Amino acid sequence: MSQPSRISELSAVIQTSTSKIDEYLSAKGLPPLSFDVHSASKPPDAILPFQTAILEAIDELHALVQGPVPFIINLTTSNVPKSLHSLPLLLPQSSAGKEKQKKNKKLTD
44 MSQPSRISEL
54 SAVIQTSTSK
64 IDEYLSAKGL
74 PPLSFDVHSA
84 SKPPDAILPF
94 QTAILEAIDE
104 LHALVQGPVP
114 FIINLTTSNV
124 PKSLHSLPLL
134 LPQSSAGKEK
144 QKKNKKLTD
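Our numbering puts the sequence shown at residues 44 to 152.
Just so you know, the hints here were simulated from the structure itself, not pulled from any lab data.
Note that this is a predicted model, so its numbers are computed, not measured.
Take these hints with a grain of salt, some might be off.
Stated by the list, open to error - Using C-beta positions, here's what the derived DEER-type ranges look like:
1) D88 x S45: 23 to 29 Å
2) P75 x Q46: 30 to 36 Å
3) L73 x P113: 34 to 40 Å
4) A89 x I116: 35 to 41 Å
5) E52 x P74: 27 to 33 Å
Ideal Cβ placement from N, Cα and C applies to all residues, glycine included.
Build the full structure now, drawing on both the sequences and the hints.
As structure tokens, this is what we get:
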């Protein structure tokens, strides 16, 4: 019998960890995770290992399903705004950010 593919393994990790979260919440009499107004603002710390497993599996699954080239393109383009050259613009409270904003404002006026 052939080994399951990596994407199948990752989907099993997501399913198993999700089930464990549901079981924990049910056993403790807690409501399911939700964005409902009356839900907890933060999940219980006890489910952190399952959350971590799910999020890591999702990241890897997302990358594998995209394929290498689209993954690398998306990886590099998503980091462009975070380049060192744009940091002062993203941090307006810094003096460098204020100076750059003033210069940019003068150029656009």
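Hints and how they fare:
Taking the beta carbon of each, D88 and S45 are about 39 Å apart, not inside 23 to 29 Å as hinted. The hinted window of 30 to 36 Å between P75 and Q46 holds, with their beta carbons roughly 33 Å apart. A hinted range of 34 to 40 Å holds for the C-beta pair L73 and P113, which are about 39 Å apart. Take A89 and I116: their Cβ atoms lie about 38 Å apart, and the range 35 to 41 Å holds.
At roughly 30 Å, the beta-carbon separation of E52 and P74 lies within the given 27 to 33 Å, and the hint holds.
Checked against the numbered hints above, the structure violates only hint 1.
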